[in-house]
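Number of protein chains: 4
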Amino acid sequence: MIIVIQCRDRVGLVAAIAGILAEEQLNIVSMREHVGKAENRFFMRLELEQAGQPVGHPEPEQDRSGASLQESVPARLQEKMKTLLPEGALIAVNPLPEKKVVVLVSKEYHCLADILVRHYFKTLGASVQCVIGNHTILKDICRRFDMPFYLAEQESRIMEILSGHRPDYIILAKFMRILSPAAVSAFPMRIINIHHSFLPAFAGAHPYRQAFSRGVKLIGATAHFVTDQLDEGPIIAQEIIPVNHSFTPSDMIRAGKEIETSVLAKALGLLFEDRVFVCRNKTVVFE
Amino acid sequence: MIIVIQCRDRVGLVAAIAGILAEEQLNIVSMREHVGKAENRFFMRLELEQAGQPVGHPEPEQDRSGASLQESVPARLQEKMKTLLPEGALIAVNPLPEKKVVVLVSKEYHCLADILVRHYFKTLGASVQCVIGNHTILKDICRRFDMPFYLAEQESRIMEILSGHRPDYIILAKFMRILSPAAVSAFPMRIINIHHSFLPAFAGAHPYRQAFSRGVKLIGATAHFVTDQLDEGPIIAQEIIPVNHSFTPSDMIRAGKEIETSVLAKALGLLFEDRVFVCRNKTVVFE
Amino acid sequence: MIIVIQCRDRVGLVAAIAGILAEEQLNIVSMREHVGKAENRFFMRLELEQAGQPVGHPEPEQDRSGASLQESVPARLQEKMKTLLPEGALIAVNPLPEKKVVVLVSKEYHCLADILVRHYFKTLGASVQCVIGNHTILKDICRRFDMPFYLAEQESRIMEILSGHRPDYIILAKFMRILSPAAVSAFPMRIINIHHSFLPAFAGAHPYRQAFSRGVKLIGATAHFVTDQLDEGPIIAQEIIPVNHSFTPSDMIRAGKEIETSVLAKALGLLFEDRVFVCRNKTVVFE
Amino acid sequence: MIIVIQCRDRVGLVAAIAGILAEEQLNIVSMREHVGKAENRFFMRLELEQAGQPVGHPEPEQDRSGASLQESVPARLQEKMKTLLPEGALIAVNPLPEKKVVVLVSKEYHCLADILVRHYFKTLGASVQCVIGNHTILKDICRRFDMPFYLAEQESRIMEILSGHRPDYIILAKFMRILSPAAVSAFPMRIINIHHSFLPAFAGAHPYRQAFSRGVKLIGATAHFVTDQLDEGPIIAQEIIPVNHSFTPSDMIRAGKEIETSVLAKALGLLFEDRVFVCRNKTVVFE
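Respectively, the protein sequence lines represent chains A, B, C and D. If you use the working numbering, the first sequence closes out at 934, no skipped numbers anywhere. If you use the working numbering, the second sequence closes out at 934, no skipped numbers anywhere. If you use the working numbering, the third sequence closes out at 934, no skipped numbers anywhere. If you use the working numbering, the fourth sequence closes out at 934, no skipped numbers anywhere.
One thing to keep in mind: the hints can contain errors.
What the hints assert, rightly or not - No farther apart than 25 angstroms at their CA atoms in a straight line, the calculated lysine to aspartate or glutamate pairs in the DMTMM-like style are these:
id, chain 1, residue 1, chain 2, residue 2
1, A, Lys754, A, Asp793
2, A, Lys913, A, Asp815
3, C, Lys727, D, Asp793
4, B, Lys754, D, Glu686
Unchecked claim - With the C-beta cut set under 10 angstroms, the calculated list includes, among others, these residues of chain A facing chain B:
id, residue
5, Arg655
6, Gly659
7, Pro721
Everything labelled a hint here was simulated from the structure, so no lab data went into it. For glycine and all other residues, C-beta sits at the position ideal for the given N, C-alpha and C.
Chain A extracted, bound-state conformation (with noise of 0.2 angstroms):
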């Protein structure tokens, strides 16, 4: 069982909530906590047993719903905790082990790929109801894993299948395009955009030329929530690979896609083991 909670900080918060699970006699397998002292706001992941249990970490292809436990406890969990915390905390016991997700693509292919083989597989962590592309090229690798694909080239269309959907997140994986402001808000931290370069370094269009053109010998991605700020949103992950003068900036682009594949992976897995949480305009990642 996981719980994520967010709240105001003030002392006394772990003593009561560790004191709520010594009383419902769950073991803490695994505690992550942090304070934003700036924000005054408090973060913690927990992962749980009932003591007793046969231990085992939870993999992300097992079913995490705590089927072991019995089934009043989350629901006594959540009920207990929200007396005792402060005023407005965000408390999820038990989180829905599948988000469900849409993925946008424009041409490129690596990082659906990734996507597609890891649903098909089950090693995700979440459900992939279907693709939306600006370009039929990437209709046939969808097909091939029996995923839907809308071709959509208007953002009022991309909307309607969304809405449809109802989609927990929303992947840009190289889409390509930038959403409206109307877009963004209506999936607030919602939308996961894999950028090409080590933002913020050689923000907006054509990271690789800039960086060819700067003579960098590094080359990154970053997977970020998508604010209306270009960008500019919460960075979830970054990686960098060396790069040298030897580097055309099409052997850059080759060489970045690897890490926007496994950037983007890494920033989904942590996403969807409830590992990632927003504070303002940054994350707080209990890896």
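Keeping the supplied structure of chain A fixed, place chains B, C and D upon it in accordance with the hints.
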């Protein structure tokens, strides 16, 4: 104020500990815990401050002795914890920030010089009492930092010097000699060695020569506690760097010195901030 | 056009080779050379273009067959080089860009799926002829990519299928079984394995279990040629990722799959671009 | 013996150069070349030995002056090359191994101490003539290494000291002040700065504070040549380290110092071994 706790695991430990802290009006600035399932062992590290105190992440160069806390708090905490925690629990409230260390060296300067520089600029987080070498070559660099240097070739003489200084930790900064079981057992889990390979690969002598002839594409360094089993003690930190076919053994040695220095520095930083616990033949490291 | 050369070393080789290229009015786009001193062996890889040709770094997905070159050039080059280079020199002018490969698998999907995706999108740099598995679990993913899949549990049956396809390389994409010396010797330095540790650490079975019980802080993966000596063949590529005390063996397995996939992909990319030479039990890799 | 060559590109350059070396019975131990296509510029670095000589990769601490070569060889080589290579070619046969450098500092010790230690142990590959600081805090560490230290707050005074020493390179080891265009133009591509971010991200002042408020997951350091454009000069080396939500700005500063030290050390090593070429606003680095 830092508290480190190590004891048998059981339900309710976190609640008990957090309850005491809340009673004392102590804020939890940072909390890390781990349960070694196989060993049924609980590990925790807490950074605390008194409620209402100005906040500040403890820097190693700062006074971490908790001068701002009422003097009675640490003793009272220790007392309360002893009562509540399982018998045999190891509790260190407010660990002394200034560990005392002795450094053992042979001919290579890189790790020693790094330690001397950090010590001189008060960023080592420990007090170096003296350096013992089995060769005179590093005597001059010690002199330049007003650091006592003892030439000692026999282990018996080394032990004599050590027993005069009573260090908390002994650092083998490329000592290149094997201590006898008697010497090791005199300082259990208090001797730290830097080995010039990513253990367990290339244990024993001449790891770079071994790495060269095996044609590996990575070379590494490992900081570990010394036990009776050569190169088999609990690992604290490891790092690697890429190499390729153009590296001669001496290129590898040269490149390796850089990570030997940085891995040892990292391991010592963790150790001196009370972030390293030993659990059988492994470490729990709260980075 | 790519030229790879391997021969006994002697003074004047570069001058001889470069002289021929200048005669043919060929520009050297990229030149890499290495001399194995102990073996007295010379290795060179050249990327060339005809003077006055529009420049373009050869992308793996592009035609590297040098269509823009006069057809007579490669043959003439080969001829001239043979005359000038030491007896027994291996010279490949314009190596065929499309290596033919067969992939052997067992139950794990990650490396295979990555290969199938790259193959489908024509970025693998080689042509996959078929997949041979000792278990049916990966049959369906092959079918989805229209890739022939053979179930073969006996090595004799595997050899039969291989001899029908005559692949340039055989990729053990988590095959998890040991080939007999006879099978290995049928494809000398043409079988590539991905081993799930940073060899030579944790050779043999269950490397993650070994890594867990040793308490290492890094886990790795190694792509290497298969020889008669288990896990002892020439290493092509290695990578590591950090782990810590909170990783269970199954966490390590999960994390390890990511680098297994990426290390194998990297090694195959190098191999298929003719960047890997074998020199006794090591590789020379011109990245 | 090392030769570095830089000139206009044209067909036959390698053949011409290699031909001269073969005439002189010189073995090519290592050869690296690059053609800047956009700039039509050719770069080459050669390590040579006389045929029949005992082999040894030149270590920076060794005499690289080629004492084993007949004294006439370098001059003759230089002469022959001048005749064959395009007009305006820059040819340095047997570059002087001991570059002379002056280090400019402010209050932070880490980069300076690393340079002083390497200099003292003769592994820097250059001769430090003096240190100039705008603050007295680092005077004592210089004294301990018998290194002249000048306190100079005005640029005019700094220039005066520099003109007395005529250094090959000026190292800004956390100098934290901007040199005037006049000062920069007095030492074109001979001033090296260490900037505490992965440029171009967080150029200008307080990069760690910027990194903290942006919530990046990586912080970096960049060694680059100083030009009139602040933080815009050719980049020599860059490295990053991971950070997370638990890092305060001062944690980032502390962690950053480690990579600042190592990136500057790496860049200087490359520079002093004649591995760095400048090509417009980028570098060609033969690692």
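Now the hints, each set against the structure:
1. For the proposed pair lysine 754/A and aspartate 793/A, the alpha carbon gap of about 19 angstroms is at most 25 angstroms, so the pair holds.
2. As the CA atoms of lysine 913/A and aspartate 815/A are separated by approximately 18 angstroms, the hinted pair is consistent with the 25 angstroms bound.
3. At roughly 61 angstroms between alpha-carbon atoms, lysine 727/C and aspartate 793/D are farther apart than 25 angstroms, so this suggested pair is violated.
4. A hinted pair counts as satisfied when its Cα atoms are at most 25 angstroms apart, and lysine 754/B with glutamate 686/D does not qualify at roughly 48 angstroms.
5. The beta carbon of arginine 655/A is not positioned within 10 angstroms of any beta carbon in chain B (closest approach about 13 angstroms), and the interface hint is therefore violated.
6. At about 4 angstroms, the closest approach between the beta carbon of glycine 659/A and any beta carbon in chain B falls short of 10 angstroms, and the interface hint on this residue holds.
7. The interface hint given for proline 721/A is violated, since its Cβ lies 18 angstroms from the closest Cβ of chain B, which is over the 10 angstroms cut-off.
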